[in-house]
Amino acid sequence: MDNMTPVINIVTRVTVIIMAGLVMGWALHHETRAVTLGMALGLLAGLVNFRYLALKVRRVTAAVAKQGKSSFSLGFATRISFAILVTMFSVKYEHFSLEATIIGLFIPQLLAIPVGIYLGIKNKL
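The numbering of the sequence shown is the working numbering, which starts it at 1 and goes up by one.
In short, the hints are calculated from the structure, not lab data. Treat the hints with caution; some may be incorrect.
Pairwise CB distance ranges, derived in the manner of DEER restraints [stated by the list, open to error]:
id : residue 1 : residue 2 : range
1  : His30     : Asn123    : 38 to 46 Å
2  : Lys124    : Thr61     : 20 to 28 Å
3  : Tyr118    : Val60     : 20 to 28 Å
4  : Ala20     : Lys122    : 35 to 43 Å
5  : Ala20     : Ile113    : 20 to 28 Å
6  : Leu55     : Ile113    : 42 to 50 Å
Remember, it's a predicted structure, so these values are computed and weren't measured experimentally. C-beta atoms are modelled at their ideal positions from N, C-alpha and C, and glycine is treated no differently.
Hey, can you work out the whole structure from these sequences and the hints?
Below, the structure is given as structure tokens:
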């Protein structure tokens with residue numbers, strides 16, 4: 001059974017809810033528009049990186065389970081390049097806060113920790 005799917009789904013759901021709240025904050029609170037927009041951009045990029053990492057982990061585990069030869073991939077280089085691209089986009093346009101964008105990049109990965117703990121406790125009961 002795939003134990004990653006519930007974690008990925010819950011992290012995706014929570015991240016989308018946070019992004020919806022940030023967009024609502026962007027629309028209603030004019031003083032913090034750069035921060036909320038930067039955080040939403042960082043969350044989007046972090047979520048893409050999180051789901052891409054999950055895809056790579058699934059491929060590696062499938063290759064190990066089949067005892068096939070592993071193929072070379074640039075998973076980490078792709079994810080870091082995407083993060084740098086989003087950071088450069090945030091620097092280029094003043095509508096986005098650079099600090100909020102960088103913080104948003106890490107939130108989906110950090111959300112996986114409490115979600116994994118929660119699901120581990122829930123499955124034991």
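Do the hints match the structure? See the list:
no. : hint                         : verdict
1   : His30 <-> Asn123: 38 to 46 Å : 45 Å, holds
2   : Lys124 <-> Thr61: 20 to 28 Å : 23 Å, holds
3   : Tyr118 <-> Val60: 20 to 28 Å : 25 Å, holds
4   : Ala20 <-> Lys122: 35 to 43 Å : 25 Å, violated
5   : Ala20 <-> Ile113: 20 to 28 Å : 22 Å, holds
6   : Leu55 <-> Ile113: 42 to 50 Å : 20 Å, violated
Checked against the numbered hints given earlier, the structure breaks hints 4 and 6 and satisfies all the rest.
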